[in-house]
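Read top to bottom, the protein sequences are chains A and B.
Counting the first sequence from 1 gives a position; the numbering used here is that position plus 5.
Counting the second sequence from 1 gives a position; the numbering used here is that position plus 5.
Hints listed in this document are in silico derivations from the structure and should not be mistaken for laboratory results.
From a predicted model like this one, the values you see are computed outputs, not experimental measurements.
A portion of the hints provided could be inaccurate.
EDC-like cross-link-like pairs, simulated, lysine to aspartate or glutamate; straight-line CA separation at most 16 Å [as the list claims (entries may be wrong)]:
1) A/211 / B/126
2) A/22 / B/193
3) B/211 / B/136
4) B/22 / A/193
5) B/219 / B/260
6) B/22 / A/34
7) A/115 / B/34
8) A/114 / B/231
9) B/22 / A/278
10) A/211 / A/260
11) B/22 / A/276
12) A/248 / A/193
13) A/66 / B/54
14) A/22 / B/278
15) B/215 / B/260
16) B/114 / A/231
17) B/227 / A/17
18) B/211 / A/126
19) B/227 / B/237
20) B/22 / A/126
21) B/115 / A/231
22) A/211 / A/276
23) A/227 / B/54
24) A/22 / B/276
25) B/101 / B/136
26) B/66 / A/54
27) A/22 / B/34
28) B/252 / B/193
29) A/22 / B/237
30) A/93 / A/61
Number of protein chains: 2
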Amino acid sequence: MGVFELIAIGNELLIGKTLNTNIHWISGEITRLGGFVRRATVVRDELGEISVAVGEAMQRKSDWIITTGGLGPTFDDMTLEGVAIALKRKLVLDRKALEYLKISYERAKKQGLVKSYELTEARRKMIMLPDHSKALPNSVGTAPGVLTKERNCTIVCLPGVPAEMKAIMKESVLPEISKAIGPNYFCEGTLLVSKVIESILAPFIKGAMKNNPKAYIKSHPKGIIDGASRIELSITTTAPSKKAAEKIVNDALDEMQKAVLKLGGFVLKREID
Amino acid sequence: MGVFELIAIGNELLIGKTLNTNIHWISGEITRLGGFVRRATVVRDELGEISVAVGEAMQRKSDWIITTGGLGPTFDDMTLEGVAIALKRKLVLDRKALEYLKISYERAKKQGLVKSYELTEARRKMIMLPDHSKALPNSVGTAPGVLTKERNCTIVCLPGVPAEMKAIMKESVLPEISKAIGPNYFCEGTLLVSKVIESILAPFIKGAMKNNPKAYIKSHPKGIIDGASRIELSITTTAPSKKAAEKIVNDALDEMQKAVLKLGGFVLKREID
Numbered sequence: 006m007g008v009f010e011l012i013a014i015g016n017e018l019l020i021g022k023t024l025n026t027n028i029h030w031i032s033g034e035i036t037r038l039g040g041f042v043r044r045a046t047v048v049r050d051e052l053g054e055i056s057v058a059v060g061e062a063m064q065r066k067s068d069w070i071i072t073t074g075g076l077g078p079t080f081d082d083m084t085l086e087g088v089a090i091a092l093k094r095k096l097v098l099d100r101k102a103l104e105y106l107k108i109s110y111e112r113a114k115k116q117g118l119v120k121s122y123e124l125t126e127a128r129r130k131m132i133m134l135p136d137h138s139k140a141l142p143n144s145v146g147t148a149p150g151v152l153t154k155e156r157n158c159t160i161v162c163l164p165g166v167p168a169e170m171k172a173i174m175k176e177s178v179l180p181e182i183s184k185a186i187g188p189n190y191f192c193e194g195t196l197l198v199s200k201v202i203e204s205i206l207a208p209f210i211k212g213a214m215k216n217n218p219k220a221y222i223k224s225h226p227k228g229i230i231d232g233a234s235r236i237e238l239s240i241t242t243t244a245p246s247k248k249a250a251e252k253i254v255n256d257a258l259d260e261m262q263k264a265v266l267k268l269g270g271f272v273l274k275r276e277i278d
Numbered sequence: 006m007g008v009f010e011l012i013a014i015g016n017e018l019l020i021g022k023t024l025n026t027n028i029h030w031i032s033g034e035i036t037r038l039g040g041f042v043r044r045a046t047v048v049r050d051e052l053g054e055i056s057v058a059v060g061e062a063m064q065r066k067s068d069w070i071i072t073t074g075g076l077g078p079t080f081d082d083m084t085l086e087g088v089a090i091a092l093k094r095k096l097v098l099d100r101k102a103l104e105y106l107k108i109s110y111e112r113a114k115k116q117g118l119v120k121s122y123e124l125t126e127a128r129r130k131m132i133m134l135p136d137h138s139k140a141l142p143n144s145v146g147t148a149p150g151v152l153t154k155e156r157n158c159t160i161v162c163l164p165g166v167p168a169e170m171k172a173i174m175k176e177s178v179l180p181e182i183s184k185a186i187g188p189n190y191f192c193e194g195t196l197l198v199s200k201v202i203e204s205i206l207a208p209f210i211k212g213a214m215k216n217n218p219k220a221y222i223k224s225h226p227k228g229i230i231d232g233a234s235r236i237e238l239s240i241t242t243t244a245p246s247k248k249a250a251e252k253i254v255n256d257a258l259d260e261m262q263k264a265v266l267k268l269g270g271f272v273l274k275r276e277i278d
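With the hints as constraints, model all of the structure from the sequences given.
If you want it as structure tokens, here you go:
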């Protein structure tokens with residue numbers, strides 16, 4: 006119901022050109038809705054790589070697979086072809102996608118970006134969807150998003166341009182995800198501590214996890230500031246209600262705070278979000 | 006010889022907490038040395054996930070696998086255990102790693118961060134390496150890096166803290182990679198153009214790729230600025246000499262520049278790096 010895999014497609018992500026902010030943003034949105042992102046994969050603009058990555062995610066029985074990138078008009082935009090291969094489906098001209106494409110070019114024409122919008126080969130590619138898919142309108146750019154189901158998995162394909170990806174997520178995908186997951190709340194509490202080092206804290210984290218089995222406690226070293234090592238302790242949980250989630254996090258925060266003070270450390274900040 | 010896979014380990018990367026700058030930085034460094042990063046995978050701090058991801062990368066016959074994260078002293082730092090499972094090796098206390106750990110804690114003691122440094126269970130974990138591995142000194146933090154070979158694959162494990170990861174890469178790993186790849190030069194040229202849209206450019210990119218088979222041409226839409234759509238054309242190649250690489254990129258830049266002007270577009274910037 007709520008296990009996700011993300012697949013980001015684009016050479017630019019694997020040559021150090023573009024920082025992958027899409028996976029970061031999508032992970033955050035899904036987590037906040039109570040979903041669980043199990044894995045993210047980044048592959049190149051190669052048909053085999055894309056179809057294999059989608060096929061592998063299907064085999065791991067994820068409930069959702071969300072891809073970003075490779076939906077545009079150029080030769081190396083091949084996400085839909087890759088997904089079609091993975092799902093053993095044909096690519097068909099989608100009438101709804103055509104409608105959305107026309108709306109996009111009509112908008113571009115009004116903005117003076119194009120003079121006309123014949124359905125060239127390059128543009129036609131953007132509306133050839135795996136059979137039995139649903140096109141999702143793109144209110145920012147031209148390539149429509151795609152949503153399709155295969156067995157118990159929902160596959161969503163989004164553009165790589167962050168503004169377009171976010172628009173389609175917010176307008177069409179997050180509401181669907183929220184509905185599928187149901188009431189589920191993610192909560193994170195943080196404790197910024199100093200004057201204790203990670204290897205000293207380690208057994209106390211283990212102990213607090215044992216006493217608070219629904220909380221996940223993770224330490225993030227933040228370097229040495231004013232001659233003291235600084236660590237952020239992040240405590241997270243997902244629960245059916247906001248109140249329950251906050252209680253779990255607060256209890257674990259209490260225990261870790263006590264441990265830090267007992268070890269002679271300082272608590273610089275305690276927050277719950 | 007030069008095909009890489011990167012595996013980033015850490016829940017924080019899959020809940021939208023931490024932006025994965027490590028993959029971006031490592032990809033850039035490897036690409037500049039003429040290496041090819043085929044895939045990057047992000048998994049959670051779970052033993053099964055880590056060992057499976059490493060095993061899959063081994064099966065794809067990558068020459069190098071570089072992991073980041075999960076080398077520290079806490080319960081959920083389990084990269085070395087995951088790698089050991091994937092390689093079917095035992096974890097053994099590594100004497101060189103112990104030496105590096107002592108140096109780290111000696112440094113921490115001098116900095117006033119710790120009073121003493123007994124080899125606690127948590128600390129011991131950081132120096133239990135898969136059998137037949139080489140420990141790599143960590144000049145910034147405490148957990149040593151690890152390098153090991155399995156058949157034709159070199160596996161490198163690095164900490165997730167960016168400063169520590171970068172230090173070990175620069176001091177111990179990049180020189181090895183450079184030696185393994187040999188003389189190979191990556192070159193990128195960019196053309197920032199306006200007043201043409203991507204779907205119009207698409208067939209010309211395809212044509213230029215055909216005429217310049219060693220160049221890879223990719224378009225990145227950069228939004229609408231001053232009422233005109235702006236696109237960055239990125240042209241990349243890898244060649245045995247700097248001169249050869251630059252010629253390939255320059256020829257493709259020439260062809261794309263001509264196409265843009267012919268289409269009534271503007272070239273705002275042309276750069277080669």
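Checked hints:
1. Taking the CA atoms of residue 211 of chain A and residue 126 of chain B, the gap is about 12 Å. The hint holds against a cut of 16 Å.
2. Taken as a hint, the residue 22 of chain A and residue 193 of chain B pair is honoured in the structure, with Cα atoms around 10 Å apart against an allowance of 16 Å.
3. With a C-alpha separation of about 50 Å, the suggested pair residue 211 of chain B and residue 136 of chain B falls outside the 16 Å cut-off, and the hint is violated.
4. For the hint linking residue 22 of chain B to residue 193 of chain A, the alpha-carbon distance of about 10 Å falls within 16 Å, and the restraint holds.
5. At most 16 Å may separate the alpha-carbon atoms for a hinted pair to count; residue 219 of chain B and residue 260 of chain B meet this at roughly 14 Å.
6. Straight-line distance between C-alpha atoms of residue 22 of chain B and residue 34 of chain A comes to about 11 Å, which keeps the hinted pair within the 16 Å bound.
7. A hinted pair counts as satisfied when its Cα atoms are at most 16 Å apart, and residue 115 of chain A with residue 34 of chain B does not qualify at roughly 43 Å.
8. The straight-line distance between the Cα atoms of residue 114 of chain A and residue 231 of chain B is roughly 15 Å, inside the 16 Å bound, and the hint therefore holds.
9. Of the pairs offered as hints, the one joining residue 22 of chain B and residue 278 of chain A holds, with about 12 Å between alpha carbons and a cut-off of 16 Å not exceeded.
10. With a C-alpha separation of about 11 Å, the suggested pairing of residue 211 of chain A with residue 260 of chain A holds against the 16 Å cut-off.
11. Under the criterion of a C-alpha separation no larger than 16 Å, the hint pairing residue 22 of chain B with residue 276 of chain A is consistent with the structure, at around 14 Å.
12. Of the supplied pair hints, the one linking residue 248 of chain A and residue 193 of chain A holds, its CA atoms being roughly 13 Å apart against a limit of 16 Å.
13. For the given pair, residue 66 of chain A sits about 14 Å from residue 54 of chain B by alpha-carbon distance, which is consistent with the 16 Å threshold.
14. Straight-line distance between C-alpha atoms of residue 22 of chain A and residue 278 of chain B comes to about 12 Å, which keeps the hinted pair within the 16 Å bound.
15. At most 16 Å may separate the alpha-carbon atoms for a hinted pair to count; residue 215 of chain B and residue 260 of chain B meet this at roughly 11 Å.
16. As the CA atoms of residue 114 of chain B and residue 231 of chain A are separated by approximately 15 Å, the hinted pair is consistent with the 16 Å bound.
17. The hinted pair formed by residue 227 of chain B and residue 17 of chain A meets the criterion: a straight-line CA distance of about 14 Å does not exceed 16 Å.
18. Straight-line distance between C-alpha atoms of residue 211 of chain B and residue 126 of chain A comes to about 12 Å, which keeps the hinted pair within the 16 Å bound.
19. With a C-alpha separation of about 7 Å, the suggested pairing of residue 227 of chain B with residue 237 of chain B holds against the 16 Å cut-off.
20. Of the supplied pair hints, the one linking residue 22 of chain B and residue 126 of chain A is violated, its CA atoms being roughly 41 Å apart against a limit of 16 Å.
21. Among the hinted pairs, residue 115 of chain B with residue 231 of chain A is consistent with the structure: their alpha-carbon atoms are about 14 Å apart, no more than 16 Å.
22. Among the hinted pairs, residue 211 of chain A with residue 276 of chain A is inconsistent with the structure: their alpha-carbon atoms are about 21 Å apart, more than 16 Å.
23. Restraint check for residue 227 of chain A and residue 54 of chain B: not satisfied, since their Cα atoms lie roughly 26 Å apart, outside the 16 Å limit.
24. At roughly 14 Å between alpha-carbon atoms, residue 22 of chain A and residue 276 of chain B fall within 16 Å of each other, so this suggested pair holds.
25. Distance check on the hinted pair: residue 101 of chain B and residue 136 of chain B sit about 13 Å apart at the alpha-carbon level, within 16 Å; holds.
26. Distance hint between residue 66 of chain B and residue 54 of chain A is fulfilled; the C-alpha atoms sit about 14 Å from each other, no more than 16 Å.
27. Proposed proximity of residue 22 of chain A and residue 34 of chain B is supported: the alpha carbons are some 11 Å apart, at most 16 Å.
28. For the proposed pair residue 252 of chain B and residue 193 of chain B, the alpha carbon gap of about 11 Å is at most 16 Å, so the pair holds.
29. Proximity of residue 22 of chain A to residue 237 of chain B is assessed by CA-CA distance (about 12 Å); at most 16 Å being required, the pair is judged to hold.
30. Proximity of residue 93 of chain A to residue 61 of chain A is assessed by CA-CA distance (about 14 Å); at most 16 Å being required, the pair is judged to hold.
In terms of the numbered hints stated before, the structure departs from hints 3, 7, 20, 22 and 23, listed from lowest to highest.
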